[in-house]
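Participant: Residue-level listing of the chains:
2 protein chains.
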Amino acid sequence: MKATNDIYKQSFSFPSGTVQCLFDISFDEQFPSPTVIITDENVFAFHQNKFSNTKTIVIPAGEEAKTQATVDYIINQLIDLEISKEDTLLGVGGGVVSDLAGYAAAIYKRGMKLQLMPTTLLGMIDAGLGGKNGVNVGRYKNMVGTIYQPEKIWFCYDFLSTLPVHEWRSGMAEMIKHACIADEQMFDMLEKIQLEDIMGDFKKLNELVQRNVKIKMNIVEQDELDKSDRHLLNFGHTFGHAIEKLLGITHGSAISIGMVCACRVSEKLIGLHSSATQRVLNLLEHYLLPLEANTNSEELFELLVKDKKRVGDDIHFVLLPQIGQAKTEIIPLSYLHQNIKEILR
Amino acid sequence: MKATNDIYKQSFSFPSGTVQCLFDISFDEQFPSPTVIITDENVFAFHQNKFSNTKTIVIPAGEEAKTQATVDYIINQLIDLEISKEDTLLGVGGGVVSDLAGYAAAIYKRGMKLQLMPTTLLGMIDAGLGGKNGVNVGRYKNMVGTIYQPEKIWFCYDFLSTLPVHEWRSGMAEMIKHACIADEQMFDMLEKIQLEDIMGDFKKLNELVQRNVKIKMNIVEQDELDKSDRHLLNFGHTFGHAIEKLLGITHGSAISIGMVCACRVSEKLIGLHSSATQRVLNLLEHYLLPLEANTNSEELFELLVKDKKRVGDDIHFVLLPQIGQAKTEIIPLSYLHQNIKEILR
Numbered sequence: 000m001k002a003t004n005d006i007y008k009q010s011f012s013f014p015s016g017t018v019q020c021l022f023d024i025s026f027d028e029q030f031p032s033p034t035v036i037i038t039d040e041n042v043f044a045f046h047q048n049k050f051s052n053t054k055t056i057v058i059p060a061g062e063e064a065k066t067q068a069t070v071d072y073i074i075n076q077l078i079d080l081e082i083s084k085e086d087t088l089l090g091v092g093g094g095v096v097s098d099l100a101g102y103a104a105a106i107y108k109r110g111m112k113l114q115l116m117p118t119t120l121l122g123m124i125d126a127g128l129g130g131k132n133g134v135n136v137g138r139y140k141n142m143v144g145t146i147y148q149p150e151k152i153w154f155c156y157d158f159l160s161t162l163p164v165h166e167w168r169s170g171m172a173e174m175i176k177h178a179c180i181a182d183e184q185m186f187d188m189l190e191k192i193q194l195e196d197i198m199g200d201f202k203k204l205n206e207l208v209q210r211n212v213k214i215k216m217n218i219v220e221q222d223e224l225d226k227s228d229r230h231l232l233n234f235g236h237t238f239g240h241a242i243e244k245l246l247g248i249t250h251g252s253a254i255s256i257g258m259v260c261a262c263r264v265s266e267k268l269i270g271l272h273s274s275a276t277q278r279v280l281n282l283l284e285h286y287l288l289p290l291e292a293n294t295n296s297e298e299l300f301e302l303l304v305k306d307k308k309r310v311g312d313d314i315h316f317v318l319l320p321q322i323g324q325a326k327t328e329i330i331p332l333s334y335l336h337q338n339i340k341e342i343l344r
Numbered sequence: 000m001k002a003t004n005d006i007y008k009q010s011f012s013f014p015s016g017t018v019q020c021l022f023d024i025s026f027d028e029q030f031p032s033p034t035v036i037i038t039d040e041n042v043f044a045f046h047q048n049k050f051s052n053t054k055t056i057v058i059p060a061g062e063e064a065k066t067q068a069t070v071d072y073i074i075n076q077l078i079d080l081e082i083s084k085e086d087t088l089l090g091v092g093g094g095v096v097s098d099l100a101g102y103a104a105a106i107y108k109r110g111m112k113l114q115l116m117p118t119t120l121l122g123m124i125d126a127g128l129g130g131k132n133g134v135n136v137g138r139y140k141n142m143v144g145t146i147y148q149p150e151k152i153w154f155c156y157d158f159l160s161t162l163p164v165h166e167w168r169s170g171m172a173e174m175i176k177h178a179c180i181a182d183e184q185m186f187d188m189l190e191k192i193q194l195e196d197i198m199g200d201f202k203k204l205n206e207l208v209q210r211n212v213k214i215k216m217n218i219v220e221q222d223e224l225d226k227s228d229r230h231l232l233n234f235g236h237t238f239g240h241a242i243e244k245l246l247g248i249t250h251g252s253a254i255s256i257g258m259v260c261a262c263r264v265s266e267k268l269i270g271l272h273s274s275a276t277q278r279v280l281n282l283l284e285h286y287l288l289p290l291e292a293n294t295n296s297e298e299l300f301e302l303l304v305k306d307k308k309r310v311g312d313d314i315h316f317v318l319l320p321q322i323g324q325a326k327t328e329i330i331p332l333s334y335l336h337q338n339i340k341e342i343l344r
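Taken in sequence, the protein lines are chains B and Z.
Position 123 (the first sequence) corresponds to 122 in numbering that gives the first Met the number 0; numbering is contiguous.
Position 194 (the second sequence) corresponds to 193 in numbering that gives the first Met the number 0; numbering is contiguous.
Incorrect hints may have been included.
It does not matter which identical chain is meant; a pair holds if it fits inside one copy or across any two.
[Said to hold, decoys possible] Mimicking PhoX-like on lysine-lysine, the simulated pairs with C-alpha atoms at most 25 Å apart in a straight line are:
1) Lys151 with Lys84
2) Lys308 with Lys84
3) Lys326 with Lys340
4) Lys244 with Lys84
5) Lys191 with Lys112
6) Lys326 with Lys54
7) Lys244 with Lys305
8) Lys307 with Lys84
9) Lys151 with Lys8
10) Lys112 with Lys305
11) Lys112 with Lys151
12) Lys307 with Lys326
13) Lys326 with Lys84
14) Lys226 with Lys191
15) Lys226 with Lys305
16) Lys308 with Lys54
Since the hints were made in silico from the structure, they are not lab data.
Could you put the whole structure together from the sequences, leaning on the hints where they help?
Facilitator: Okay, structure coming up:
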């Protein structure tokens, strides 16, 4: 049993205010009491008792719920519940919940108070951090949204006890991404441990989550509006997003393959050492993440052309000069087209 | 004929960037060329030739268009036109167009470049300034939206040559509001001239528009997120909004009556001199604005209770200690209830 003052906090600053991260909070004793909660039907089914004293809006689970129709539903619920802009909305769930809760809070009465409680490893180290929110429009992902920071992010590891192993792997893909772009020491560390070590040891998990939160939030602090440094977080995501769309595999799996592609491009274009690429491949494999996809390279290229980071005939692409460092370069789409078979191998 | 460098500019600063106001631009020679324009069917019908070289999204005219359905339409058009977030969207129209264009720009790809060109006096001195945008949800006004500043605001007085006289009066109501809360000298000036002097003299108009832009933008610079000083701009709007809703009269007429009510409350609560109230009444009458409404005071009070600025049993209310100065006080709703007949008189 822990006292409330045991909570370890980290604060990050933005022009719009401060985001406070509260780590390793106790499910039973430190669960917050906001005015209204948004969660999905899966989280609600598992943890109904946590929400019994708070007005709760339950949305369907899964990416299909990330639409304007769900936002309309949430807004109407907030109106019916007579929620004011001074009230606090807490989003409890994975990336879909934080995207929808964040977006609804950003637009309701032109912005109400927001807090988030990610319930997946991916949410804790990536999706729930940085303020990006939004919904899909038809087949276009995150076509509409804002960047709106929560006042607090609660990290409650108890939720992870029911997290499926493929969800753990999705989180590990983004953790390896952070290691690749900004933290060689963590890369070394991840080589020496196993997924089971993290899943079974909340102290180790807490250490890693805090480290990853710091990496991502420090980058976002430098470039909240995603005009320069924040692009580095897209390492592996150019090919990754296209593969995810084409094959319908999990985000983590797609990003894993995308990082392999980005390492190969880095070898060719800025001389990343082939042994470094091999280390990245080995680390991804170590966490049972896929290294290649059986895709039609022409169809894949068609999707690359539609990437948000495309500018005319070129594309902003994140490259690794070495493990623990990243840079963005503008490369011609024609280069990717000519070499796509070798990049995908 | 003017050279482009004749344009008089004023800049205002926000955490998110700078807003540049460009005054008295020439309809024929200095009309901007953005990537895409949003306008309403009325403005489009009158000025079609201005838009012939630019992708233009035309929306229905009037407050009924201020809905999520229109936003969905705009977003789908932006997607179909393959607009990127680096492209510039220009909203040309009155308050409804600036609210919709601003909102669509704020959420499309998490924020694209925005410029505004207000075509009404009200738009030029109030609705088009300060970044507030949004749509109505059912009978709730501006229930959803953001605060998102345009990069540029173009002031092109040629549009006003077709503005109906009741629209001029609506603009004058907000101009008198600015005089009441922040500019006694302008109050004196408005007492000495006639609406016809302003309508017939673009030099006088330009002087007044610039003065009003400065008053509003300086207040918004101090408090973009509407947590303190920006509340002062609500002078006359507590009763005004309720009267507008109840009687369906124009915003300007409702705010005129609302300012009369607010002067009477100011007399009672903070000792505004009765001669000052009389000067405000005279000035409103001078611009043919109404001073009283034939309303059911109980129905009106029911609407006051639903005001956004209500906090429990109290309401944030803007009072005048004297002409040219304003302050916000928290007053009990019961006080308004007990005195409502005398306030409405």
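Participant: Are the hints correct? Go through all of them and say.
Facilitator: Verification of the hints:
1. Taking the shortest alpha-carbon separations for lysine 151 and lysine 84, only the intra-copy value of 16 Å comes in at or below 25 Å, while the best inter-copy value is 29 Å.
2. Taking the shortest alpha-carbon separations for lysine 308 and lysine 84, only the inter-copy value of 10 Å comes in at or below 25 Å, while the best intra-copy value is 34 Å.
3. Only within a single protomer do lysine 326 and lysine 340 lie at most 25 Å apart by alpha-carbon distance; the minimum there is 24 Å, versus 69 Å between protomers.
4. With identical chains, the CA atoms of lysine 244 and lysine 84 are at most 25 Å apart between copies only, with a shortest distance of 21 Å across copies and 37 Å within one.
5. In this homomeric assembly, lysine 191 and lysine 112 never come within 25 Å of each other (Cα to Cα): the closest approach is 41 Å inside a single copy and 47 Å across copies.
6. Neither within a single protomer nor between protomers do lysine 326 and lysine 54 lie at most 25 Å apart by alpha-carbon distance, with minima of 45 Å and 36 Å respectively.
7. For the homomeric pair lysine 244 and lysine 305, the shortest alpha-carbon distance inside one copy (12 Å) is at most 25 Å, but the shortest distance between copies (46 Å) is not.
8. Taking the shortest alpha-carbon separations for lysine 307 and lysine 84, only the inter-copy value of 9 Å comes in at or below 25 Å, while the best intra-copy value is 32 Å.
9. For a Cα distance limit of 25 Å, the shortest separation of lysine 151 from lysine 8 inside one copy, 10 Å, qualifies, whereas the shortest one across copies, 40 Å, does not.
10. Within a single copy, lysine 112 and lysine 305 get their C-alpha atoms only as close as 35 Å, which misses the 25 Å cut-off; across copies the closest is 20 Å, which meets it.
11. In this homomeric assembly, lysine 112 and lysine 151 come within 25 Å of each other (Cα to Cα) only inside a single copy, at 10 Å, whereas the closest approach across copies is 29 Å.
12. In this assembly of identical chains, the alpha carbons of lysine 307 and lysine 326 lie at most 25 Å apart only when taken from the same copy (18 Å versus 47 Å across copies).
13. Proximity of lysine 326 and lysine 84 under a CA criterion of 25 Å is satisfied inter-copy only: 22 Å between copies versus 40 Å inside one chain copy.
14. For the homomeric pair lysine 226 and lysine 191, neither the shortest alpha-carbon distance inside one copy (35 Å) nor that between copies (51 Å) is at most 25 Å.
15. Within a single copy, lysine 226 and lysine 305 get their C-alpha atoms as close as 19 Å, which meets the 25 Å cut-off; across copies the closest is 41 Å, which misses it.
16. When the C-alpha separation of lysine 308 and lysine 54 is checked against a cutoff of 25 Å, the pair qualifies only between copies, where the shortest distance is 22 Å, while the shortest distance within a copy is 40 Å.
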